[in-house]
Amino acid sequence: MTGLQSLQRRFQDYLRGSSDEIEKDIVSSSDALAEHRLGIYFNAYRIRLIDCLAIEYSGLQQHLGQHDFENLALDYLKTHPSTHPSVRWFGKDLAEYLRTTSAHQEREFLSELAGFEWAKGLVFDERDTASLYSIEEMAQVPQQAWPGIQVRFVTAMRWLDCYWNICPYWAALDQGEKLPELDREDYPIRWLIWRKDRDPYWRSLEVHEAWAIEAAQNGANFAELCEGLCEWISEDAVAITAAGLLKQWISDDLVVRIDY
Numbered sequence: 026m027t028g029l030q031s032l033q034r035r036f037q038d039y040l041r042g043s044s045d046e047i048e049k050d051i052v053s054s055s056d057a058l059a060e061h062r063l064g065i066y067f068n069a070y071r072i073r074l075i076d077c078l079a080i081e082y083s084g085l086q087q088h089l090g091q092h093d094f095e096n097l098a099l100d101y102l103k104t105h106p107s108t109h110p111s112v113r114w115f116g117k118d119l120a121e122y123l124r125t126t127s128a129h130q131e132r133e134f135l136s137e138l139a140g141f142e143w144a145k146g147l148v149f150d151e152r153d154t155a156s157l158y159s160i161e162e163m164a165q166v167p168q169q170a171w172p173g174i175q176v177r178f179v180t181a182m183r184w185l186d187c188y189w190n191i192c193p194y195w196a197a198l199d200q201g202e203k204l205p206e207l208d209r210e211d212y213p214i215r216w217l218i219w220r221k222d223r224d225p226y227w228r229s230l231e232v233h234e235a236w237a238i239e240a241a242q243n244g245a246n247f248a249e250l251c252e253g254l255c256e257w258i259s260e261d262a263v264a265i266t267a268a269g270l271l272k273q274w275i276s277d278d279l280v281v282r283i284d285y
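Numbering (the numbering used here), first residue to last: 26 to 285.
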């Protein structure tokens with residue numbers, strides 16, 4: 026390691042709070058002591074990371090308020106220092122931190138709110154799909170091929186299980202509308218989050234559709250989807266229901282192709 030690389034490493038360790046060895050390399054002057062000079066960068070580094078979290082988690086910041094959000098960000102930084110060259114990924118573990126580590130009394134709600142905002146950011150950042158599958162293409166699938174068809178979804182798509190009414194609450198925060206009362210269900214509701222026309226979209230899923238999407242993502246073909254859907258749908262209606270789900274996914278710009 027060169028002298029410059031060693032100096033850079035010591036400075037990085039200081040900013041992360043793991044070592045103050047860099048202090049011996051900084052010269053004091055009549056205007057400022059070495060620790061004061063370093064403190065400017067130490068504080069600026071943290072302010073920058075807090076600002077980045079506030080961009081990624083604007084709803085969480087609004088819900089907590091600036092002061093509590095900053096305290097949360099600093100606590101998170103202590104256990105999750107930034108390690109990626111891009112600051113974009115600094116906040117990737119915030120939802121898990123809130124769920125498992127934070128002592129905040131609202132930690133389950135806050136974790137779900139953070140998880141929704143992170144998922145929304147991920148689908149927005151995903152690469153564009155070259156082409157999307159159309160209803161017209163679906164109509165051209167040979168009848169004999171239907172049992173074996175497999176759905177291939179876009180990459181700009183995530184799903185999230187929430188006990189709390191996170192998505193309506195976030196939407197009200199974002200639009201500056203009256204906030205709904207926080208409400209926790211006895212069982213989680215699955216929310217589908219995806220990008221359409223360069224904007225994030227989301228909607229809640231009924232249990233049978235949530236199962237079908239996950240099964241299709243794991244490689245289930247149409248016949249297997251119909252078989253699994255029989256847990257909720259009668260046998261005489263299951264094929265029409267499965268085809269209707271596929272048509273809905275295509276209309277939502279969720280499908281890139283169908284293999285058969």
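No lab work stands behind these hints: they were computed from the structure. If you're wondering where the values come from, they're calculated on a predicted model, not measured in any experiment. Careful: at least some of the hints might be erroneous.
Straight line, CA to CA, 16 Å or less: simulated EDC-like cross-link-like pairs of lysine to aspartate or glutamate [what the hints assert, rightly or not]:
#1 Lys117 x Glu161
#2 Lys221 x Asp153
#3 Lys272 x Glu162
#4 Lys272 x Asp224
#5 Lys117 x Glu162
#6 Lys221 x Glu162
#7 Lys103 x Glu121
#8 Lys221 x Glu256
#9 Lys117 x Glu151
#10 Lys221 x Glu121
#11 Lys272 x Glu151
#12 Lys103 x Asp118
#13 Lys117 x Asp100
#14 Lys221 x Glu151
#15 Lys117 x Asp153
What follows is a list of derived Cβ distance ranges for each label pair [stated by the list, open to error]:
#16 Glu260 x Ala197: 20 to 30 Å
#17 His61 x Glu206: 43 to 53 Å
#18 Ala164 x Glu260: 21 to 31 Å
#19 Asp76 x Glu131: 19 to 29 Å
#20 Glu260 x Tyr188: 26 to 36 Å
Just so it is clear, CB atoms sit at the ideal spot from N, CA and C, and this is done for glycine as well.
Results of checking the hints against the structure:
Taking the CA atoms of Lys117 and Glu161, the gap is near 39 Å; set against the 16 Å cutoff, the hint is violated. Pair hint Lys221 plus Asp153 holds up; C-alpha atoms about 10 Å apart against a cutoff of 16 Å. A threshold of 16 Å between alpha carbons decides the hint, and for Lys272 with Glu162 the separation of about 11 Å falls inside it, so the pair holds. Our distance criterion of 16 Å between C-alpha atoms is broken by Lys272 and Asp224, whose separation comes to about 21 Å.
For the suggested pair Lys117 and Glu162, the alpha carbons sit about 38 Å apart, so the restraint of at most 16 Å is broken. A distance of roughly 19 Å separates the Cα atoms of Lys221 and Glu162; the hinted pair therefore is violated under the 16 Å criterion. For the proposed pair Lys103 and Glu121, the alpha carbon gap of about 15 Å is at most 16 Å, so the pair holds. With a C-alpha separation of about 31 Å, the suggested pair Lys221 and Glu256 falls outside the 16 Å cut-off, and the hint is violated.
A distance of roughly 15 Å separates the Cα atoms of Lys117 and Glu151; the hinted pair therefore holds under the 16 Å criterion. Of the pairs offered as hints, the one joining Lys221 and Glu121 is violated, with about 27 Å between alpha carbons and a cut-off of 16 Å exceeded. Taken as a hint, the Lys272 and Glu151 pair is broken in the structure, with Cα atoms around 23 Å apart against an allowance of 16 Å. Annotation: proposed proximity of Lys103 to Asp118 holds, straight-line Cα distance about 13 Å (limit 16 Å).
Restraint check for Lys117 and Asp100: the C-alpha separation of about 15 Å stays at or below 16 Å, so the hint holds. Of the pairs offered as hints, the one joining Lys221 and Glu151 holds, with about 11 Å between alpha carbons and a cut-off of 16 Å not exceeded. Our distance criterion of 16 Å between C-alpha atoms is broken by Lys117 and Asp153, whose separation comes to about 21 Å. For the pair Glu260 and Ala197, the beta carbons lie near 42 Å from each other, so the given range of 20 to 30 Å is not met.
Between His61 and Glu206 the Cβ separation comes to about 49 Å, which falls inside the hinted range of 43 to 53 Å. Between Ala164 and Glu260 the C-beta distance comes to about 25 Å, which sits within the given range of 21 to 31 Å. Asp76 and Glu131 have their C-beta atoms about 23 Å apart, which keeps the hinted 19 to 29 Å range intact. The hinted range of 26 to 36 Å is satisfied by Glu260 and Tyr188, whose Cβ atoms lie roughly 33 Å apart.
Of the numbered hints stated above, those contradicted by the structure are hints 1, 4, 5, 6, 8, 10, 11, 15, 16, listed in ascending order.
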